[in-house]
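Trainee: Sequence:
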Amino acid sequence: MHAGVRGKKERAKFVWPLLGAGLLLAAEGVAWASGGGGEHGGGHLNWSDFLARTLVFVITFSILFKLLKKPIAGFFSSRKAEIQRLLSELELKQKEAEQNHAECKAKLAALEVETKKIVDELIAEGEVERQKIIEAAEKQADYLRQQADVAIQQEIKAAREKLKLEISELSVAAAEEILRKNMKAKDQDRLVRDFMKRVVEAK
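Quick note on numbering: the sequence shown equals residues 14 to 216 in the working numbering.
Watch out, some of these pointers could steer you wrong.
Claimed, not checked - Keeping only pairs whose Cα atoms sit at most 30 Å apart, straight-line, the calculated DSS-like set for lysine-lysine is:
#1 LYS108 to LYS93
#2 LYS83 to LYS93
#3 LYS130 to LYS145
#4 LYS120 to LYS106
#5 LYS82 to LYS93
#6 LYS118 to LYS130
#7 LYS130 to LYS120
#8 LYS118 to LYS129
#9 LYS106 to LYS118
As the list claims (entries may be wrong) - Label pairs and their in silico Cβ distance ranges:
#10 LYS145 to ASN113: 40 to 50 Å
#11 ILE76 to GLU104: 34 to 44 Å
#12 ILE165 to GLU125: 50 to 60 Å
#13 GLN97 to CYS117: 23 to 33 Å
#14 ALA65 to LEU105: 54 to 64 Å
Hints are computed from structural coordinates only; laboratory data are not their basis. Ideal Cβ placement from N, Cα and C applies to all residues, glycine included.
From just these sequences and the hints, can you work out the full model?
Mentor: Right under this line is the structure:
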């Protein structure tokens, strides 16, 4: 907004001097045209008129130079200052953009490091959990093996006891069968007497 107002003021400084210079040149042109007919009619150069026109031209040029010198110098000076200001702003924005880029790059690098750290921690935690599961499975397998060994030992012991009992029963039955076959009546009487005697002695 301020730049637009300043630009209008700068243009106004040029318009009025140019308008005045245009009026002077127009007046000089009219004077030149009015004097031109006499020159063509007479066929010789009118030095007084030539000098007057030259003087008017010099005065006009001097006035224009004086009027336009400062506005033109001011215009170019202001334009130079404006360009320098724009360049400074552009350089500042470029530095800000580079700084933002560097900050974003640093944040991205930090994010990558943090992400890798989290991934490594998760992998380590997973490895720990996996090791715990393996250890628990091994303990459970050992416990089951021990239980199986105990059960097998108990079954073996029971089988042995049963076998011993069966052998004892078979031995007794075989002995009874042998005794029945080989024992005579007098032997039976003797065994009965011995048994009764032991019973009496025990009492």
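Trainee: A separate judgement is required for each hint: does it hold in the structure or not?
Mentor: How the hints compare with the structure:
no.	hint	verdict
1	LYS108 to LYS93	holds (22 Å)
2	LYS83 to LYS93	holds (15 Å)
3	LYS130 to LYS145	holds (22 Å)
4	LYS120 to LYS106	holds (21 Å)
5	LYS82 to LYS93	holds (16 Å)
6	LYS118 to LYS130	holds (18 Å)
7	LYS130 to LYS120	holds (15 Å)
8	LYS118 to LYS129	holds (16 Å)
9	LYS106 to LYS118	holds (18 Å)
10	LYS145 to ASN113: 40 to 50 Å	holds (47 Å)
11	ILE76 to GLU104: 34 to 44 Å	holds (42 Å)
12	ILE165 to GLU125: 50 to 60 Å	holds (59 Å)
13	GLN97 to CYS117: 23 to 33 Å	holds (30 Å)
14	ALA65 to LEU105: 54 to 64 Å	holds (59 Å)
Checked against the numbered hints listed earlier, the structure breaks none of them; every hint is satisfied.
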